[in-house]
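K.L.:
One-letter residues, chain by chain:
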Amino acid sequence: MIEYETVVGLEVHCELLTVTKLFCGCRNAFGDEPNTNICPVCLGLPGSLPVLNRRAVELALRIGTALNCRPERSIFHRKNYFYPDMPKDYQISQYDEPINVDGWLELPDGSRVGIERAHMEEDTGKTTHVGGGGRIHEAGYSLVDYNRAGVPLVEIVSRPDIRSAAQARAYVDELRSILVATGASDGRMEEGSLRVDANVSVRPVGATEYGTRCEVKNLNSMRSLERAVDYEVARQTALVESGERIAQETRHWDEGDGSTHSLRSKEEANDYRYFPEPDLTPLVPDAGLLAAAAEGVGPMPAERRHRLSSLLAGDAELATRRDGSTDQVVTVVDLGLDDLVRDAVAAGADPRLALARAANEAAANPEGAKSLDPAAFAALLKMESAGQLSATQSKEVLAELMSQGGDPARIAGRLGYEQMDSSAFEAMVDEVINANPEEWQRFCGGDDKVAQFLLGQVMRASKGRANGKLVAAAFASRRHV
Amino acid sequence: MSARPAPEFGSLVEIAERVRSGTLSARAVLSQSLDRIRELEGDLHCFNAVTEQAAMEDADHIDHLVRSGADPGPLAGVPVALKDNLCTEGVPTTCSSKILEGWLPPYDATVVRRLRDAGAIAVGKTNLDEFAMGSSTENSAFGPTKNPWDTGRVPGGSSGGSAAAVAAGMVPLSFGSDTGGSIRQPAALCGIVGVKPTYGVVSRYGLIAFASSLDQIGPFATTVADAALGLEVIAGHDPMDSTSLDRPAPSVLATLGDGVEGLRIGIVEDFLSVGSDCRDAVVAAGEALSAAGAKVDQVAIPELLLGLPAYYVIAPAEASSNLSRYDGVRYGLRVDGPDVETMNARTRGEGFGPEVKRRIMMGTYALSAGYYDAYYGQAQKARTLVIRAFEAAYKNFDVLLTPTTPSVAFPFGSKVADPIEMYMCDLCSIPSSLAGHPAASVPFALSSEGLPIGIQVLAPALGESVMMRVAASLEKAAPRAARGPVTP
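One line per chain: the protein sequences are A and B, in this order. For the first sequence, counting from 1, position 24 maps to 49 in my numbering; every step adds exactly one. For the second sequence, counting from 1, position 238 maps to 239 in my numbering; every step adds exactly one.
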């Protein structure tokens with residue numbers, strides 16, 4: 026039986042966080058009263074002309090830099106087609122000479138997805154079809170809001186390097202954190218500031234040519250992206266297996282019934298009659314633009330993950346638990362807590378403990394975590410490592426540190442967290458061994474999994490006041506007696 | 002029919018000087034203009050709209066400024082007519098098309114604002130071939146304009162209304178747009194001066210686009226000096242137009258009287274196979290310049306003949322895109338239908354005239370997948386060849402001379418049935434449009450039928466100064482009877 030491979034390329038439209046629109050001085054804002062941010066230019070009134078927003082160019086170049094693209098001399102083209110929400114009945118976009126080309130993006134699992142291009146274009150207005158289920162042909166009438174017309178977009182086109190729905194999701198996740206990190210976008214999929222179309226095809230594993238692809242539109246969330254890719258792969262695989270041909274077409278994802286429907290075939294597709302936009306001059310990324318684009322851009326998530334991982338690389342135990350720490354690294358970088366962890370480690374905290382606390386406890390209160398003083402965080406972790414606080418106590422103190430700040434030693438004192446002395450929990454250890462003879466035998470036989478269970482019993486009996494490390498040592502010392 | 006002389010306004014500098022000094026009121030100048038319009042408009046149909054009331058208020062305002070000691074500017078009190086494809090705030094701007102009937106622009110074109118700021122008084126919007134597509138004004142949805150020299154003949158186009166209004170003495174200054182000859186050709190046919198500036202010297206903001214890479218606004222006047230002043234007022238960088246040159250406008254007036262001594266002038270021999278009257282006029286113009294001290298030679302630039310076919314691919318291609326927005330959704334005409342596509346199609350079907358439709362179809366075809374390289378791509382290559390040929394010629398010559406048009410004003414209807422015949426009117430004017438170079442038409446002679454013949458002076462980019470010097474010398478050598486204003 027032939028095995029099939031999923032091939033996905035994604036087109037992501039990202040609205041840029043500029044103050045004004047791409048070709049005029051109107052406000053670029055979401056959610057304002059309809060048709061209030063408009064002027065002759067973005068309404069495409071006769072005689073009006075576009076003037077390129079320099080800030081948008083800087084942000085587009087910034088995105089290109091973050092995606093390891095090469096900046097190029099670029100020109101704008103007109104993409105001609107009729108639609109009521111497009112004021113000029115053509116869209117000013119970039120075609121065969123885009124501003125950013127040939128980049129790549131690294132996912133948290135270390136895989137790379139190629140970026141073909143990241144080009145600039147203007148957004149259209151927004152049509153609301155009233156009646157008839159919201160489709161243009163059944164609607165009683167339609168309302169158009171041109172506030173969005175002319176809002177600057179960057180379209181990021183990936184190469185067909187994505188091999189699963191999960192990887193597609195990881196790609197968009199990663200891209201979103203990059204776009205937010207550059208300050209170019211707010212990354213809000215639900216407000217449409219980030220929009221995803223997926224080109225999906227299947228092919229026999231090992232094949233060098235791509236199968237016929239379908240473009241899937243209307244993916245309004247990460248969940249619909251994943252579901253739609255899975256659905257489309259299943260649909261296409263079934264077609265191929267039954268010997269049918271896949272038609273190249275655009276398909277619409279229906280979140281309600283969980284399937285895709287044909288929107289238009291290749292033959293019905295518009296001939297966009299692209300030609301160079303005569304109202305704009307070529308765009309050359311000169312030194313000034315490139316400098317402005319580079320300004321204020323910190324390291325991207327992939328690089329920050331590498332830095333954080335290398336900080337932990339010396340930890341042998343961590344190396345054996347690679348997967349868990351990878352997740353923690355991703356979480357910490359996503360939350361922007363990597364500097365906190367690095368500072369705490371520099372101040373002497375245990376790297377693994379710092380990472381775990383940041384990924385779990387700090388993540389539960391991201392706002393509080395951001396205001397956390399790295400020195401206090403480090404001091405707390407050192408107390409825990411030294412056995413002065415149990416893990417449970419340490420977490421309590423951390424919660425208070427995040428909500429109110431202060432000195433960890435004084436908070437611990439105020440909460441009455443004095444470490445239970447070893448004579449008190451030695452008895453508990455013996456009690457647990459007696460009460461759980463079977464588990465104890467397995468532990469003695471070398472089953473380390475059961476160690477957590479035994480430890481947990483003592484921690485529960487001590488109400489968390491015993492030091493977990495010392496308790497573990499107590500069990501270990503009894504094992505070989 | 003022979004044309005009689007008309008009452009003149011005097012030079013623009015004189016009018017403005019007298020208005021600024023208070024010895025002549027703007028109201029009086031305007032009255033002369035409005036009286037003349039009232040007298041002749043019924044015969045000529047130069048205007049789509051005469052804004053009499055607003056013009057009188059503007060004139061009163063100018064007179065008030067003068068009385069209060071302020072300077073209204075270099076065109077103080079000068080009545081001007083504006084081609085009806087220049088946006089005027091709150092005043093209908095139709096492009097002589099049914100599809101824009103009733104549309105009121107919410108803004109003034111940059112050129113219109115500059116004219117107002119210079120003290121000029123806009124008296125109305127002039128007729129044109131629909132969306133500036135044509136050479137006779139016969140493509141206007143509101144009927145043609147007639148040539149004041151012979152009302153049985155066309156005034157040329159597309160800026161025929163602006164040209165005829167100046168030629169009939171209705172206004173001393175008017176403005177048109179030139180894409181492939183739409184200023185120069187009607188100027189020649191109406192016996193007045195018309196100037197197409199270097200592409201980018203005058204802002205296109207507010208000029209309703211026909212072919213964006215070619216369109217340029219310029220003045221009409223009865224003398225070279227008046228046209229030069231009109232050009233200086235509207236020229237200069239505009240941040241609202243990305244193709245506007247970011248440099249000071251060429252200075253023209255100051256050097257107008259410098260003569261042609263030592264200038265190298267080339268007569269383009271490839272354009273001498275035109276009608277004999279026009280050819281004779283060019284030869285005579287060369288002799289006149291030679292007598293004034295210029296070195297005149299003939300030059301062959303056969304690549305310029307590629308201009309016409311290249312233009313009739315590029316201009317319709319751009320037009321097909323520029324005119325998409327007239328879809329009935331936002332403004333202008335809407336003819337309803339059961340769905341949006343039918344509404345779009347009905348609106349455009351009823352709103353556009355046959356020549357506009359022809360060009361939209363030609364342009365759409367030229368840009369279509371599979372045909373782009375063979376048509377649009379080839380035309381752009383031809384355009385490059387034209388530019389290179391000019392570059393080579395301008396190594397040896399300061400300016401070039403051609404007839405402006407292959408023939409004098411032709412009778413109504415004589416070319417309507419054959420679009421190619423009509424397109425040939427632009428043969429000599431198209432090359433400098435494709436190159437983005439300046440060109441001017443100066444009235445120089447009368448044909449055997451007593452109709453005016455224009456000489457075209459071509460110069461390299463930003464060569465307005467030398468071009469207008471040559472034009473001024475030709476004007477000096479030409480018989481007074483060869484130029485307007487005239488009374489039909």
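Some clues are possibly wrong.
Okay, the calculated bits of chain B under chain A, using three or more residues with CB under 8 Å as the criterion [to be verified]:
id, region
1, 105 to 116
2, 206 to 213
3, 235 to 246
4, 313 to 322
5, 328 to 334
6, 366 to 372
7, 477 to 488
Now the in silico label distances, taken between C-beta atoms and shown as ranges [said to hold, decoys possible]:
id, chain 1, residue 1, chain 2, residue 2, range
8, B, Glu90, A, Leu360, 52 to 60 Å
9, B, Glu58, A, Ala312, 34 to 42 Å
10, A, Ala317, B, Val284, 44 to 52 Å
11, B, Gly70, A, Ala319, 49 to 57 Å
12, B, Ala255, A, Trp129, 44 to 52 Å
No lab work stands behind these hints, which were simulated from the structure alone. Beta carbons: idealized from backbone N, C-alpha and C, even for Gly.
K.L.:
Now tell me if each hint is right for this structure.
P.N.:
Hint by hint, here is what the structure shows:
no.	hint	result
1	105 to 116	holds (count 4)
2	206 to 213	holds (count 7)
3	235 to 246	holds (count 5)
4	313 to 322	holds (count 4)
5	328 to 334	holds (count 4)
6	366 to 372	holds (count 3)
7	477 to 488	violated (count 0)
8	B:Glu90 / A:Leu360: 52 to 60 Å	holds, 53 Å
9	B:Glu58 / A:Ala312: 34 to 42 Å	violated, 52 Å
10	A:Ala317 / B:Val284: 44 to 52 Å	violated, 59 Å
11	B:Gly70 / A:Ala319: 49 to 57 Å	holds, 55 Å
12	B:Ala255 / A:Trp129: 44 to 52 Å	violated, 59 Å
Violation of the numbered hints given earlier is confined to hints 7, 9, 10, 12; the remaining hints are satisfied by the structure.
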